[in-house]
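Trainee: Sequence:
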Amino acid sequence: MLHFLPAPLLGLIASLLLGLNTLVWVPILVSLAVVKLLLPFKALRLRLDPLLVHIAEAWIAGNSGWMRLTQKTVWDVEGGDGLDRNGWYLVNCNHQSWVDILVLQHLLTRRIPLLKFFLKRQLLWVPVIGLAWWALDFPFMRRHSEQSLEKHPELRGRDQEATRRACARFALIPTSVMNFCEGTRFTPAKQRRQQSPYRHLLRPKAGGIALALNVMGDKFQAILDVTIVYPDGVPNFWAFLCGRVAFVRVRVRRLPVPRHLAKADYASDPAVREAFQQWLQQIWREKDAQIDALLAKRSC
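If you count by this note's numbering, then the sequence shown holds residues 627 to 926, one letter each, in order.
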């Protein structure tokens with residue numbers, strides 16, 4: 627363990643190990659993805675996609691390795707027993723920091739199928755990592771403001787169609803579809819701007835999760851509702867690399883798939899939209915109360 631080193635030095639070592647691990651695996655991922663792109667046959671995809679997943683899991687295992695080497699984080703994790711790595715899950719989580727992604731991958735990889743995130747299209751151009759996400763078929767979505775959607779409603783349909791295409795690919799092999807319902811990272815400023823009724827969360831957006839359930843509702847075994855809490859304050863990525871995250875608390879709830887909503891017409895039926903939003907808001911109220919309890923536990 628290297629956590630006795632000064633924080634800046636530890637951060638540099640962790641950054642180096644993260645970079646080296648990425649440079650080992652991403653070129654392999656991209657090379658295989660180019661083959662899949664040039665030869666778009668379903669039979670080939672069914673052979674290459676599991677191989678790409680195994681490579682991605684090895685990459686994540688390498689990240690977990692340098693985390694264990696450089697971090698002294700205490701992990702308080704409950705829930706998530708009896709998961710099936712050969713099934714399909716819809717994973718939902720609160721979002722506070724880029725560290726959330728490492729936490730989710732560290733705890734869930736090889737316990738459930740590889741997490742596939744819906745990403746902002748701008749992230750495609752992130753050096754190296756953007757190529758890896760593309761190689762793994764992560765869907766890149768264009769985020770439009772409400773003003774733009776009001777002027778050009780056809781833009782909403784494009785994102786919905788992109789989501790449908792992505793979910794159709796996810797249905798071919800076991801996949802965990804990851805969704806941050808808040809749509810962006812929580813900050814007190816965003817909370818005030820939204821006038822969010824939750825103490826620790828932004829308002830959830832039901833559209834993405836509704837569309838994923840509509841396309842893949844028959845595939846999903848369960849919804850995994852994950853709550854992440856950093857009792858000593860939400861860290862930025864550099865603070866995490868420097869070993870300044872002493873505690874991480876994670877709770878995983880297994881929820882049933884709302885079959886009656888999954889097959890309903892969310893896009894055009896106002897009653898379905900209202901029912902879906904009420905279902906999601908109830909989950910959010912419970913999550914907000916859970917975060918309160920987990921923060922109070924740390925205080926005690």
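Because the hints were derived from the structure by calculation, they are not lab data. Backbone N, C-alpha and C fix where the C-beta goes; we use that ideal spot for every residue, glycine too. Careful, some of the hints might be misleading.
[Stated by the list, open to error] The following label-pair restraints were derived from C-beta to C-beta distances: (1) Asp895 <-> Val703: 33 to 43 Å; (2) Lys889 <-> Pro814: 34 to 44 Å; (3) Gly859 <-> Arg790: 31 to 41 Å; (4) Val660 <-> Gly859: 34 to 44 Å; (5) Lys889 <-> Pro634: 26 to 36 Å.
Trainee: Each of the hints needs a verdict: does it hold here or not?
Mentor: Hint by hint, here is what the structure shows:
Hint check: aspartate 895 to valine 703, Cβ distance near 39 Å, so the stated range 33 to 43 Å holds. Checking the proposed 34 to 44 Å range against lysine 889 and proline 814 shows it holds: the Cβ atoms sit about 38 Å from each other. Between glycine 859 and arginine 790 the beta carbons are some 39 Å apart, a value that agrees with the proposed interval 31 to 41 Å. Between valine 660 and glycine 859 the C-beta distance comes to about 42 Å, which sits within the given range of 34 to 44 Å.
Lysine 889 and proline 634 have their C-beta atoms about 54 Å apart, which leaves the hinted 26 to 36 Å range violated.
Of the numbered hints stated above, the single one contradicted by the structure is hint 5.
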